[in-house]
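Peer 1: Taking the hints into account, I'd like the entire structure generated from these sequences.
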Amino acid sequence: MTQTTPEAPVRRQRAQVKVRTLRTDRWWLVPLVTFLGLSSFLVYGVWAIIDNSIFIEPYIAPFASPCLAELTCPEGAQLFGWTPIGDWYTLSPGLLILALPGGFRLTCYYYRKSYYRSFWLSPPACAVQEPHGKYTGERRFPLIIQNVHRYFFYAAIVIGLILAYDAVLALIHKPLGLGTWILLVNAVLINAYTLSCHSCRHITAGRLNHFSRHPVRYRAWTFVSKLNARHQPLAWASMFSVMGADLYVRLVAKGIINFPYA
Numbered sequence: 119m120t121q122t123t124p125e126a127p128v129r130r131q132r133a134q135v136k137v138r139t140l141r142t143d144r145w146w147l148v149p150l151v152t153f154l155g156l157s158s159f160l161v162y163g164v165w166a167i168i169d170n171s172i173f174i175e176p177y178i179a180p181f182a183s184p185c186l187a188e189l190t191c192p193e194g195a196q197l198f199g200w201t202p203i204g205d206w207y208t209l210s211p212g213l214l215i216l217a218l219p220g221g222f223r224l225t226c227y228y229y230r231k232s233y234y235r236s237f238w239l240s241p242p243a244c245a246v247q248e249p250h251g252k253y254t255g256e257r258r259f260p261l262i263i264q265n266v267h268r269y270f271f272y273a274a275i276v277i278g279l280i281l282a283y284d285a286v287l288a289l290i291h292k293p294l295g296l297g298t299w300i301l302l303v304n305a306v307l308i309n310a311y312t313l314s315c316h317s318c319r320h321i322t323a324g325r326l327n328h329f330s331r332h333p334v335r336y337r338a339w340t341f342v343s344k345l346n347a348r349h350q351p352l353a354w355a356s357m358f359s360v361m362g363a364d365l366y367v368r369l370v371a372k373g374i375i376n377f378p379y380a
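So that you can map any letter, position 224 of the sequence shown is 342 in this note's numbering, and since no number is skipped, the others follow by simple counting.
Treat the hints with care, as some may be off.
[Stated by the list, open to error] Derived CB-CB ranges, DEER-like:
| id | residue 1 | residue 2 | range |
| --- | --- | --- | --- |
| 1 | Glu193 | Pro351 | 36 to 44 Å |
| 2 | Tyr269 | Trp299 | 30 to 38 Å |
| 3 | Arg144 | Glu193 | 48 to 56 Å |
| 4 | Gly251 | His332 | 16 to 24 Å |
| 5 | Gly251 | Leu326 | 39 to 47 Å |
| 6 | Leu326 | Ala273 | 22 to 30 Å |
[Claimed, not checked] Pairs of lysine-lysine, BS3-like flavour, derived with a Cα cap of 25 Å:
| id | residue 1 | residue 2 |
| --- | --- | --- |
| 7 | Lys252 | Lys231 |
| 8 | Lys292 | Lys136 |
| 9 | Lys344 | Lys231 |
| 10 | Lys344 | Lys292 |
Hints listed in this document are in silico derivations from the structure and should not be mistaken for laboratory results.
For each residue, glycine too, the CB sits at the ideal point set by N, CA and C.
Peer 2: As structure tokens, then:
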């Protein structure tokens, strides 16, 4: 009887693919459109900081709200008439607050994926090789700043409530104004996007082991979870709504848009 020995295991190597990807679809289209969309937001944000047409009663441009500088805020634009920044400040009022909603979007989980793929090509799409030789994660500067996303969320909640307050004031003083309804839609989208954040979902009830013991937080978590499922479309819709609302107010303030019920 002949004794047999088991065959030695065969060492398998990864396929040596010399091309960047074997995908034949237009995989580059999504990162390209994302790049153009995010770039338009950045370009508009820079212009909004430079432009000083931020208020025409009862509308205030969202990129400049809350307006906190005594010297650069037009009369009536201040939040509750409060100007904690004295007359020494002469720059754009938007510079005082844009870091808060801007930081919230910059560190947002969805936006991270978007600009990692579209700006850094890391990777540009699934099954597409990225040009970077190594990956260090988010453990070093500057990407370690992504870990403060939750704190930007708290600030974004405040900004969202202020935008809602501005929209309600416009509704009270000019209920038939087109700008009123533009500001209202923007406030709804901004707050819906903020509440759909992954951090908000975790804060409401993400660490609970027994939902039955916390029915109120469970209902809040259920509501936020439904919004969270739409986080991506809300991110884009709110981004373009805040640009559109801000531009509309500035064009009305400049007199470029001037028709009944503007």
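Peer 1: Could you work out which earlier hints the structure fails to respect and list their numbers in ascending sequence?
Peer 2: Hint check: 4, 8, 10 fail, others pass.
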